[in-house]
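S.K.: Residue strings, one per chain:
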Amino acid sequence: MVHETLAATNAVVTLDVALPDIFWGWYVTMNMWAKSIGTGLIFMLFLLMKKNASEMEGLRTSTLIVSFVFMNIFLLFTWLDLHQMWRMWHIFFYPHWTSAITVGAWMATLFVGLEFLMIVVMLLRNNTAAFDKLLFWVTLLAIPVTLYTAGIMAEATARELWQMPTESAQMILAATLSGSAAMILIGGSKLSDETRTFFGSVLGLSALMAFIIYMSEYIFGAMKAEEVAAILEYVKGHGEYATMFWIGQWVAYILPMLLVALSRVKNSTAMLNLAAILAIAGLWVVKHVWLVIPQLLPLS
Amino acid sequence: MQLGFLVDLHLCMGCKGCEIACKVENEVPLSTWRLRVKYVDVGTFPETKRTFTPLRCNHCENAPCERICPVSALHYLENGIVNIDKERCIGCAGCVMACPYGAIYIDPQTQTADKCTYCAHRIASSMMPACVVACPVQANIFGDLDDPTSNISKYIQTHQGDVQVRKPEKGTNPHHYYTGGGNVTLNPLASRREEGHNLFNDITKLPLGGHH
Numbered sequence: 001m002v003h004e005t006l007a008a009t010n011a012v013v014t015l016d017v018a019l020p021d022i023f024w025g026w027y028v029t030m031n032m033w034a035k036s037i038g039t040g041l042i043f044m045l046f047l048l049m050k051k052n053a054s055e056m057e058g059l060r061t062s063t064l065i066v067s068f069v070f071m072n073i074f075l076l077f078t079w080l081d082l083h084q085m086w087r088m089w090h091i092f093f094y095p096h097w098t099s100a101i102t103v104g105a106w107m108a109t110l111f112v113g114l115e116f117l118m119i120v121v122m123l124l125r126n127n128t129a130a131f132d133k134l135l136f137w138v139t140l141l142a143i144p145v146t147l148y149t150a151g152i153m154a155e156a157t158a159r160e161l162w163q164m165p166t167e168s169a170q171m172i173l174a175a176t177l178s179g180s181a182a183m184i185l186i187g188g189s190k191l192s193d194e195t196r197t198f199f200g201s202v203l204g205l206s207a208l209m210a211f212i213i214y215m216s217e218y219i220f221g222a223m224k225a226e227e228v229a230a231i232l233e234y235v236k237g238h239g240e241y242a243t244m245f246w247i248g249q250w251v252a253y254i255l256p257m258l259l260v261a262l263s264r265v266k267n268s269t270a271m272l273n274l275a276a277i278l279a280i281a282g283l284w285v286v287k288h289v290w291l292v293i294p295q296l297l298p299l300s
Numbered sequence: 001m002q003l004g005f006l007v008d009l010h011l012c013m014g015c016k017g018c019e020i021a022c023k024v025e026n027e028v029p030l031s032t033w034r035l036r037v038k039y040v041d042v043g044t045f046p047e048t049k050r051t052f053t054p055l056r057c058n059h060c061e062n063a064p065c066e067r068i069c070p071v072s073a074l075h076y077l078e079n080g081i082v083n084i085d086k087e088r089c090i091g092c093a094g095c096v097m098a099c100p101y102g103a104i105y106i107d108p109q110t111q112t113a114d115k116c117t118y119c120a121h122r123i124a125s126s127m128m129p130a131c132v133v134a135c136p137v138q139a140n141i142f143g144d145l146d147d148p149t150s151n152i153s154k155y156i157q158t159h160q161g162d163v164q165v166r167k168p169e170k171g172t173n174p175h176h177y178y179t180g181g182g183n184v185t186l187n188p189l190a191s192r193r194e195e196g197h198n199l200f201n202d203i204t205k206l207p208l209g210g211h212h
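Top line first, the protein sequences correspond to chains A and B.
Heads up, the first sequence is in UniProt numbering, so the first residue is 1 and it goes up one at a time.
Heads up, the second sequence is in UniProt numbering, so the first residue is 1 and it goes up one at a time.
Read the hints as simulated data drawn from the structure, not as lab findings.
Beta carbons are placed, not taken as given, at the ideal position from N, Cα and C, and that holds for glycine.
Hints may be right or wrong, so weigh each one.
[Unchecked claim] Derived pair list, reagent style BS3-like, types lysine-lysine, alpha-carbon separation capped at 27 Å:
1. B:K170 with A:K224
2. B:K167 with A:K236
3. B:K170 with A:K236
[Said to hold, decoys possible] Here are a few chain A residues that face chain B, going by a calculated C-beta distance under 10 Å:
4. N10
5. F23
6. Y94
[Stated by the list, open to error] Chain B stretches covered by chain A per the calculated footprint, using a threshold of three residues with CB under 8 Å from any CB of chain A:
7. 79-93
8. 100-113
With these hints in hand, go ahead and build the complete structure from the sequences.
M.R.: Spelled out as structure tokens, the structure:
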């Protein structure tokens, strides 16, 4: 392990030139967070259609507009993060298909286009049948749109902490967590108690699963690779991101889980709403810590 | 043809001539580097020694930067060089995140990715890379790995067992080799980095290479 090597060699870097460390900062966090809400709402709308279509009334357009807004926030921050943002069109005219960035950009564009079409269908024609048919295909597309960021992180070979199977799971769980939370808030009194409880269960289970994965990484990740061990030092003990990491875990996962359970016991809508707000806010923190810490590891 | 690079760390004396030659040849802006020489001090006084490791793009056969680039700005040349088209680059920094060797940076002037190209423009004119020419002790050996009569091939043949690449576990198959290297020279995690205790100055993190 690293610390044994250090003790044996007593080696110290005495000259290395300055290199900027954080390249993907909070713009990318915004990107992932907004996309989770945008696609998550589509998953929840689809679940609502399958569970109790009668409760879709009045929620089709409002939910889709909120999803559309968040998808556009995601696209905006993706664009702003480019150092040469006016060359964005190169992705469409010089696409390189081995890159998850390219595939994601194309799929996200198609996804937002279909969402726009569905909003038009509802606002101009009020055609719920066409809307529901399109919703099926948009939900299918939402899966790879959610997952492609995990593909990018997997292709970021230098960042050992980001592994494809776990990041895929975390991306989907982030979507179901934030999507169910947003649906609880948007649905409000339009949702029956039974449906609200259902979305509360989705929220609580998503938080539990995501928390288990993070804790698994936290406890066992360091045993697998010295790079992961070095990165996790930033969130362990008195590491640089320890406070932020645990704030994220508590706000995004632990408190929402407890509040969901309490809301069921006490039949409290207010507690469920609070759980939803905390989950959405905490998700940003969780995503940001995990995005930034691997970039602090020296590669030279 | 498969061009490759080998640095004999037994010979390197840390003069940084290669670093400066690269800067001048490629007009690399202040605060950024295509080629860097890292110093690592090993041991406890009075039993100490200083090691020098020139670091540059490894021109991997399985290059993560080429794979993650969404617009093919990073691409292979026929001679195996991983080249970059700065007019094509959109500055997404995917390559920066993908390169396990920290060899890619965002040029603060053009706001595009940049890195060592083995001086591809000089190679096209049958010249050696600038760092090879500048090295006073011929620690840099450059040539065609496919040609058994080239200097680099002969060097690899005569130094078998002592030829290493950085981070082989990444599976990138670098075309950049070292002889006389060891854990502390090639593995960034095998040495400490103490803030404020550096040879010439502090390791300062400049807010460059990004716009936020």
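S.K.: Identify every previously stated hint that the structure contradicts and give their numbers, smallest first.
M.R.: Every hint satisfied by this model.
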